[in-house]
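Visitor: One letter stands for each residue in the lines below.
There are 2 protein chains.
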Amino acid sequence: MIRRGFQAAVRLGQHRALFGGPQVLPRLNLTSAFGSSTDSLVSRFCPEKTDLKDYALPNASWCPDMLDLYQEFLEKTKTDGWIKLPSFKSNRDHIQGLKLPSGLAVASDKSDWRIFTRCIQVEGQGYEYVIFFHPSEKKSICLFQPGPYLEGAPGLIPVGSLAVLNVHVEKIEDQKLYMSCIAQSRDQQTVYAKCSGIFLQLQLEEESPQ
Amino acid sequence: MIRRGFQAAVRLGQHRALFGGPQVLPRLNLTSAFGSSTDSLVSRFCPEKTDLKDYALPNASWCPDMLDLYQEFLEKTKTDGWIKLPSFKSNRDHIQGLKLPSGLAVASDKSDWRIFTRCIQVEGQGYEYVIFFHPSEKKSICLFQPGPYLEGAPGLIPVGSLAVLNVHVEKIEDQKLYMSCIAQSRDQQTVYAKCSGIFLQLQLEEESPQ
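Heads up: the sequence lines are chains A and B, in that order. Per the numbering used here, residue 1 is the first one in the first sequence, and the count goes up by one each step. Per the numbering used here, residue 1 is the first one in the second sequence, and the count goes up by one each step.
Treat the hints with care, as some may be off.
If several chains are the same, the list does not tell them apart, and a pair holds so long as it fits within one copy or across any two.
[Claimed, not checked] Heads up, simulated DMTMM-like pairs for lysine to aspartate or glutamate below, C-alpha to C-alpha not over 25 Å straight-line:
#, residue 1, residue 2
1, Lys-110, Asp-65
2, Lys-171, Asp-51
3, Lys-89, Glu-123
4, Lys-194, Glu-75
5, Lys-89, Asp-112
Hints listed in this document are in silico derivations from the structure and should not be mistaken for laboratory results. Just so it is clear, the structure is predicted and the values come from calculations on it, not from any experiment.
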């Protein structure tokens, strides 16, 4: 589940603040039932056909810079080894069909679960983002446009404009992934933030058919 | 602006992840125009009468544990030196009438700005929290009940139940505040997370009358 690992890196600090570190995220072990090829991982986690809404698609709120870079990376998916990751409303959609390790069970209630980065439904008001992933280079790029509902300390957030987040896997040690992220303006003249963190990968298996 | 410092500690990691560290938050310098007494700070930042909606009040979504502890701390505000902090929709409401240092100017557009912890409007779906502050002991308590729109990695967040966040000022060095936070279950048997961070206080002055 390489994709989820990267996606998580982008929001690293928030989780670390409230819910502990290092990160324990369900991540597909390469030696698991899905095999080790990138292709099989990609087809598992980036389904080409699905009824689920993909929130990582352009909408009317995206600023020209964001649209522009989106198109640029979309072109790169054709030839340069980049993959555009889909973004569904809930993690439950992303991990559908996978059995979680005990202790990480997903509640079975009928709540309208949403991954917190998709919690604000009005376009442009909250988290607008799309992630492109480059498996062989172990890096990803997140185009992120924060909206006015993400207010923090005055002046720190480039609300309504683009932040480009570069995420790299620094090293892998057994189950541990060391990742870093730098958030910058498109022209790289402004650094909004840097962060790094350790993620633990857990082995996931396909659920047995009922 | 002691209150804001504490409030910020609660969401420390999120800011650190995307928008740099240490934290640069406008915080009232005790030697500023407002004087140094706790009373004057409290009356400035915890107005007893205001037209602004206070989101840190019980609603139908609060679980019994949250309501119970809320009442317990509310009682303590009468005799034990605790103060219940109000929570308005936007930081702009909290810093009304204060001049920000240059570089931290607040955009003057008419957007519907919301502090990110008040971005989800449906009761119980997002961040339900209230903060009590004890000035002389330099600590605060945040009662936090995350909702299903704050989904992260499966199993890590006690959605719908209470997390108690204890925030302490570890030390103060000139402008620097060293703060730490531990998030636990009410019975303290489960530690959800620990974090610490450094906040910088900036001197704020009252805006000159127009």
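Visitor: So, for every hint listed, does it hold in this structure?
Guide: A quick look at each hint next to the structure:
no.: 1; hint: Lys-110 with Asp-65; in the structure: between (39 Å within a copy, 22 Å between copies)
no.: 2; hint: Lys-171 with Asp-51; in the structure: neither (36 Å within a copy, 53 Å between copies)
no.: 3; hint: Lys-89 with Glu-123; in the structure: both (14 Å within a copy, 19 Å between copies)
no.: 4; hint: Lys-194 with Glu-75; in the structure: neither (27 Å within a copy, 42 Å between copies)
no.: 5; hint: Lys-89 with Asp-112; in the structure: both (9 Å within a copy, 24 Å between copies)
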